[in-house]
Amino acid sequence: MSEPARRGLRTALPLAVSALPFGLVYGVVVVDSSISPWVGLAGSWLILAGAAQISMVELLHAGAAWPVVIGTALVINTRMALYSAALAPAFSAFDRRWRWTLPYLLTDQAAVVSISEFEHRRDPRERRVFYTAAALLIAGFWWVGSVLGVLAGGSIPEETNIGFAVPAMFLALLVPSLSNRPTVLAAVTAAVVSVAAAGLPNGVNITVAALAGIASGRLALGRSRSAEAMP
Amino acid sequence: MSPLLQIIIAGVGTYLLRLSFIGLSARLGAPSARTEATLGLIAPAVLAAIIADQLFVGDQGLVVQWSWWIGGVIAGLVAWRWRSAGITMVVGLVCVWVLDAMLGM
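Taken in order, these protein sequences are the chains called A and B. If you read the first sequence in my numbering, its first letter stands for residue 3, the second for the next number, and so on. If you read the second sequence in my numbering, its first letter stands for residue 539, the second for the next number, and so on.
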């Protein structure tokens, strides 16, 4: 196995392990709903995005109209377009077939570890191998977690707080990315706006908050540049 | 519309969102330093928005869950000190279990 593949697997392993309980939570949500377990599991293959899948299953169970169900999933997943923008410069050096197929595996975790790795790994082939290894491992654990969740069903008590693994995993990704004042400001703004906009429909608060965070960080970038330019 | 068809459409839509900028990347050319710096803000902003939503927002609006909040602070400190996702998750989960058991929160 090549060094970038080993590195991708090693970097992604703890994040992939934490995708397992998230998958479990999704599987339990599916079993608790009126949706067929097979249809629910198909979501893990077709959508590959936990928060959107959970919201979809809950809305389908509640009998929501199809535009609401599909629209909610897509709104929650708009952050994937942001990750796509962040990774586009690196992916531009890949062959067309990879540019069109590898985005299928794009998840929060795969995006963040790759963005971080690509800062010091410049070779396009190595970047592609690293991303593929990391993203496949994370997706694999998500699929396994979903299946286990469906099989375990209601036998996972809520008191286990297994759902806390999800914010803990994202914290582990967030903290190393806070490398300067603009990134800290972007994160703080996004967190505050996410809570302040909690009343918005399913998942919209996250996209609004992320855009507000990016805008505030951008302002801070502009200010630091201006300060540097001063004599 | 059947649930499976709705999931398929959401899956295709999600794939197109993932593909969006990557699919156009070959035509976009190399980003400027200004654009690159802005792209570096995406991950922290999205992650912080998700974390805050998970810790503070429930189905019915804002939620009070002290064990998760304290566990979140401790997990954040552990992530800062050790930079390890595995250690962060294990310590965070253990903290939440201990706090729940001790304080009945």
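For the record, the hints were derived by calculation from the structure and aren't laboratory data. Ideal Cβ positions, reconstructed from N, Cα and C, are used throughout, including at glycine. Take these hints with a grain of salt, some might be off.
[What the hints assert, rightly or not] Each pair of labels, with its calculated beta carbon distance range: (1) B/L566 - A/S118: 20 to 28 angstroms; (2) A/G155 - B/R572: 48 to 56 angstroms; (3) A/S4 - B/A568: 36 to 44 angstroms; (4) B/A568 - A/V186: 36 to 44 angstroms; (5) B/L562 - A/N182: 22 to 30 angstroms; (6) B/V632 - A/L153: 21 to 29 angstroms; (7) A/R127 - B/R619: 47 to 55 angstroms; (8) B/G596 - A/R123: 33 to 41 angstroms; (9) B/L566 - A/T162: 41 to 49 angstroms; (10) A/D125 - B/V636: 26 to 34 angstroms.
Hints, one by one, checked against the model:
For B/L566 and A/S118, the Cβ-Cβ distance of about 22 angstroms falls inside the hinted range of 20 to 28 angstroms, so the restraint holds. The supplied range of 48 to 56 angstroms is met by A/G155 and B/R572, whose beta-carbon atoms lie about 51 angstroms from each other. Range check, A/S4 to B/A568: about 26 angstroms between beta-carbon atoms, so the 36 to 44 angstroms window is missed. Here the CB-CB span from B/A568 to A/V186 is close to 27 angstroms, at odds with the stated 36 to 44 angstroms.
For B/L562 and A/N182, the hinted distance range of 22 to 30 angstroms is satisfied, since their beta carbons lie about 28 angstroms from each other. Against the hinted window of 21 to 29 angstroms, the Cβ-Cβ separation of B/V632 and A/L153 comes to about 26 angstroms, which satisfies the hint. Between A/R127 and B/R619 the Cβ separation comes to about 35 angstroms, which falls outside the hinted range of 47 to 55 angstroms. Checked against the hint of 33 to 41 angstroms, the C-beta distance between B/G596 and A/R123 comes to roughly 40 angstroms, which is consistent with it.
Range check, B/L566 to A/T162: about 46 angstroms between beta-carbon atoms, so the 41 to 49 angstroms window is met. For A/D125 and B/V636, the Cβ-Cβ distance of about 45 angstroms falls outside the hinted range of 26 to 34 angstroms, so the restraint is violated.
In this structure, the earlier hints numbered 3, 4, 7, 10 are contradicted, and the remaining ones agree with it.
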